[in-house]
Every structure is written in structure tokens, then in C-alpha cells.
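Model the full assembly from the supplied sequences, consistent with the hints where possible.
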Amino acid sequence: MSRPRTLRIDRITCTGQGLCAELLPELIALDEWGYPVLKDRTVPDRLRTHARRAVAACPRLALHSDRGRP
Amino acid sequence: MNSSATARLTTRHLAAAPGAPRLLADWYATGRPAALADHLGRHGPPPVAAAVGGRGSMPLVEAVEAAGLSGRGGAGFPTARKLRAVAERRGRAVVVVNAMESEPASRKDQFLLHVAPHLVLDGAVLAAAAVGADTVHVCLPRDRSAQYRRLSAALDERRRARVDRVRLRLHALPHAYVSSESTSLVRWLNGGPARPQGSPPRTHERGVGRRPTLVNNAETLAHLALIARHGPDWFRREGTPDEPGTTLVTVSGAVAAPGVLEVALGTPLATVLDHAQGPAQPLRALLLGGFAGTWLPAAHQDTPLTRRDLAPLGAAPGAGVLIAVAGPVCGLTETARMLAYLAAHSARQCGPCHLGLPAVADDFAALAAGRADPGLLSRLRRRTGLLADRGACRHPDGAARLVASALHTFPDDVGHHLTRGACPAAHQPPRIPVPPATPPERWR
Ligand code: SF4
Ligand code: SF4
Numbered sequence: 001m002s003r004p005r006t007l008r009i010d011r012i013t014c015t016g017q018g019l020c021a022e023l024l025p026e027l028i029a030l031d032e033w034g035y036p037v038l039k040d041r042t043v044p045d046r047l048r049t050h051a052r053r054a055v056a057a058c059p060r061l062a063l064h065s066d067r068g069r070p
Numbered sequence: 001m002n003s004s005a006t007a008r009l010t011t012r013h014l015a016a017a018p019g020a021p022r023l024l025a026d027w028y029a030t031g032r033p034a035a036l037a038d039h040l041g042r043h044g045p046p047p048v049a050a051a052v053g054g055r056g057s058m059p060l061v062e063a064v065e066a067a068g069l070s071g072r073g074g075a076g077f078p079t080a081r082k083l084r085a086v087a088e089r090r091g092r093a094v095v096v097v098n099a100m101e102s103e104p105a106s107r108k109d110q111f112l113l114h115v116a117p118h119l120v121l122d123g124a125v126l127a128a129a130a131v132g133a134d135t136v137h138v139c140l141p142r143d144r145s146a147q148y149r150r151l152s153a154a155l156d157e158r159r160r161a162r163v164d165r166v167r168l169r170l171h172a173l174p175h176a177y178v179s180s181e182s183t184s185l186v187r188w189l190n191g192g193p194a195r196p197q198g199s200p201p202r203t204h205e206r207g208v209g210r211r212p213t214l215v216n217n218a219e220t221l222a223h224l225a226l227i228a229r230h231g232p233d234w235f236r237r238e239g240t241p242d243e244p245g246t247t248l249v250t251v252s253g254a255v256a257a258p259g260v261l262e263v264a265l266g267t268p269l270a271t272v273l274d275h276a277q278g279p280a281q282p283l284r285a286l287l288l289g290g291f292a293g294t295w296l297p298a299a300h301q302d303t304p305l306t307r308r309d310l311a312p313l314g315a316a317p318g319a320g321v322l323i324a325v326a327g328p329v330c331g332l333t334e335t336a337r338m339l340a341y342l343a344a345h346s347a348r349q350c351g352p353c354h355l356g357l358p359a360v361a362d363d364f365a366a367l368a369a370g371r372a373d374p375g376l377l378s379r380l381r382r383r384t385g386l387l388a389d390r391g392a393c394r395h396p397d398g399a400a401r402l403v404a405s406a407l408h409t410f411p412d413d414v415g416h417h418l419t420r421g422a423c424p425a426a427h428q429p430p431r432i433p434v435p436p437a438t439p440p441e442r443w444r
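First to last, the protein sequences are chains A and B.
For reference, each letter of the first sequence is one residue, going 1 to 70 in UniProt numbering.
For reference, each letter of the second sequence is one residue, going 1 to 444 in UniProt numbering.
FYI, nobody ran anything at the bench for these hints, they're computed from the structure.
Don't take every hint at face value.
Said to hold, decoys possible - So the derived list for chain B, only partly shown, Cβ under 10 Å to chain A, looks like this: (1) 195; (2) 197; (3) 201; (4) 350; (5) 352; (6) 353; (7) 354; (8) 355; (9) 376; (10) 383; (11) 390.
Fair warning: this is a prediction, and the values are worked out from it, not measured in the lab.
Note that beta-carbon positions come from the ideal geometry of N, C-alpha and C, so glycine has one too.
So this is what it looks like as C-alpha cells:
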């Protein structure tokens, strides 16, 4: 079994309107102002690659996928 | 709040000391603030040598752990865990005394620092010895100039008497609701704005000057100073087995004698109100924890003041703020005013707080004014649900708690305002004093 990963958003650097929700709609939605809402912080194994892509695509480096559980 | 307001809130209590006071014992005995000589005469010098750890032993940390002391600043985190986390890091640590007390309805830290400044400072110095710190920073809000003068005199007294081996420095910070957040203090001490920082890095790992940093509330440190002298068993003689000790509370609102009291944890809320000579009219509700706290229906007034008993109600002892409302009062109007203040005091760094909090405050104001559109209640609930856990600090979480608990505690008011417009009590003068809902002028 692989180590679990947890999503974290640095709320101060995040500017909203994000790509993250587009790349990882299973876990991230946007609120009415375009800021991300984490539906689930734990990244299931099958979404690992998508999560990695979303983290890499965040222009503000605000989205993180940390090792370990929340 | 200015010091005359503090005095007004507190001095009446000379005659009505409930239970066995500890932090306020000298004050009840003498009726005047303890100067250094009074303090040393009564308590002796802080037992610093016994607090210093070495070779795997941390005597003071262990005593605090056995005592079961938890933070009195609001979050209620176990104090020993914090001490240990800092003590275990390599490098010289720093201690920060959080005396910002930005909650508008709280006076307990101001009062404690007024009547027993040396107890708090002893605690800071002892904590410094326990975690290996050479500097203590005491942080106050800038607009409490009388408090600043008194405390600087207290520090001078200690310096002249050569009480301490660590450096003690006093700082006056911008006064905003969120500048009392521990990361705000660290950020300001590092030359930045007094705004929350978010983590990581965590303060205990890399705080002031990138050093391991312990931030503790003023009252917490005063308890620690007494534990260092009298030990954990003594500390546990008050309170409950799970939540031992006493705690300071600020009681205000519909009571005859508002003020700061020291009560054992586990004291029923109604007993705390009795000590403040109780409500003159039948109690309607209690606001526990202040502006970022929780409304409780009067039916819960017998709940003991502990985290364990309050958790099922969505409440917590927090920083010990208890506001009683009685008689004809509109819970929604009172709440709307507090929310407007909280929204104005967002540090405007995080979208969900910067945009979400004012939106919630506006919705709530419309409800309070009896101007609700048909979609309001569901929109308000949805937006409130999106506040918690979406900021770099807990500011939006507190506001969400206030909203949710108001809707739950005042269902009749909600019904009236939705269907028939504002209730008659909505036009009464405000019961809970709220500072102007204007954004802080400065963060630095
Ligand atoms: S992509 Fe990054 S900056 Fe944009 S909304 Fe997502 S987390 Fe925020
Ligand atoms: S959550 Fe609000 S108050 Fe806290 S740091 Fe973010 S913007 Fe500031």
C-alpha cells in the first residue's frame, strides 16, 4: 500500500479562479467567488496523478499535496 | 477598551470572591495591585533553577503535564505539549506572552496584568527556563497606553531587583481582532504586519528570528507560575479530573455586577452568573466565548464550564467570556452587529474570509432588519457552511459558529423576521457593546 496524501491550500497565496478545480474536479470545487472548496482532503490512489497535475499547475504554488493523513 | 472601562468592570468584586481564588488571591486579600515587593513577599522568587531541564528530564514541563494545564487564551491546547515541542527543538528558543486580548467582551488578561503582573511575568520567565529561551517578548495592543506604562514599570522593578536572567521586552502592537492570533505576533515581531501567517512553518519550529518559539496566553503563564511553586497535586485540587484548575471569566450583559471572576473549571454557567449577581430578568440566552463564540439557549445554563460538557452543544470555555442576555432582546440584531465587526476585522488575506465573511454579515444584517428575500436563509446557511476551515487562521470559523448558533438559539426571532419583518425588540438600543465595524487602520 502506498503512503496516503492530503491536499492543503495555502489560503493566503491562493488567488482563486483556479485551474485546480478543472484538473481535479473529483476533489476540488469552487465557491461563488471562485475560491477552492476541498470536498475531500484525502487523495485516493486512483486520483494520484490528477492530484499531482493539479498541484503542478497552480500558478501561485498554493496547492500542496502533503504526505500523511489530515 | 480603555482602562477606566476595565476598572468599572472589575473593582466591584472585592467582596464577592467565589470559591478559592488563586490568580486573584492577592487582589482579594489586599484590594490593590501587587507591586514586586508584595509579590515576592507572598510568593518568593520564581523557582527558575528547578524549572531548567537537562539530560532527558524536564521538571517543569512534567509538572505542567501532571497538572493538566490547558491554554486559557481560547484554543485550550495542553500547555505541556507546547512546552515540550519547543524544548525539544535545537537552538535558543523565544517566549512570547500573548496579552493582546482582542476579544471585545473579554477583560481577564487586562485585569490580571493590572492586579498581578508579576505572576504573569514569573510564568513567562519560568517557561523560558523550561524551554531554553533567553528572551521573553510581552505583546500588548498599542491603544492600551495605561497598561503599557504600568507593565513597563513592573519590568523596570524586576530589572532593578535583578530578579530575572532572561531578557524581557515589551511591545505595543496594532490592535485588530486577528492580531492576537499567535502567528500574527510572530509575524509582527519579525518586522511584518500583525496579520496571521498560516502554517507551515509552525511557530514552535521556526518563529521569532527563525527560532523555536513558545506563544502563551498571559493567564496560562500565571497558572504555570503557581504550578512551579505548588506542584500539580495542588493545582488539581480545583476543577474536574479531566480539566483541572481555575479559570478567569469575564461576565457581562444582563447581570448586576459584571466583571472578571476566577472560578473552578466545571462550575455551572448559572453559578458563574450568580457570582456576578445574576440576571435581573429571566435569562434568554448566553453568549459563551464572545464574538467568535457560541450562543446557548437559557435552558443550558446549568452546563458545567468544561470543554467536555460544552462540546456537545458546539461550545467551549474559550477565553472565558460569558455574556447574559435577558428580557426583550433581539438575538438577531445583536448578532448582526457583532458579525459586521468580525467581517470588518478580516485580515483580507484569504478569499473565503475576505469575501465570504462580509457576504454572510450582509445576509445576516438583512435578516436582522427584516428585509429577507425568499432565498436568504438557505443562502446564509450555505455561505456559513463554507467559512470554517478555509482561512489561514480560525477567524472565519468563529464567525460561522456565531451565525449557526444564533439561528439555532433564536428560532422564534428568525421566524418572525422572515415572515413579519423585524421584531419590536430589534429597535431597542444594543445590549452587547460592539466596537465600530471599521477595518483596522494599520497592521504594522
Ligand atoms: S490553482 Fe492555486 S491559486 Fe488557483 S484556485 Fe487553485 S489553489 Fe488557488
Ligand atoms: S482567515 Fe481571514 S483573518 Fe485569518 S488570515 Fe485569512 S483573511 Fe486573515
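Hint by hint, here is what the structure shows:
no.	hint	in the structure
1	195	9 Å, holds
2	197	8 Å, holds
3	201	12 Å, violated
4	350	4 Å, holds
5	352	5 Å, holds
6	353	8 Å, holds
7	354	9 Å, holds
8	355	5 Å, holds
9	376	15 Å, violated
10	383	8 Å, holds
11	390	7 Å, holds
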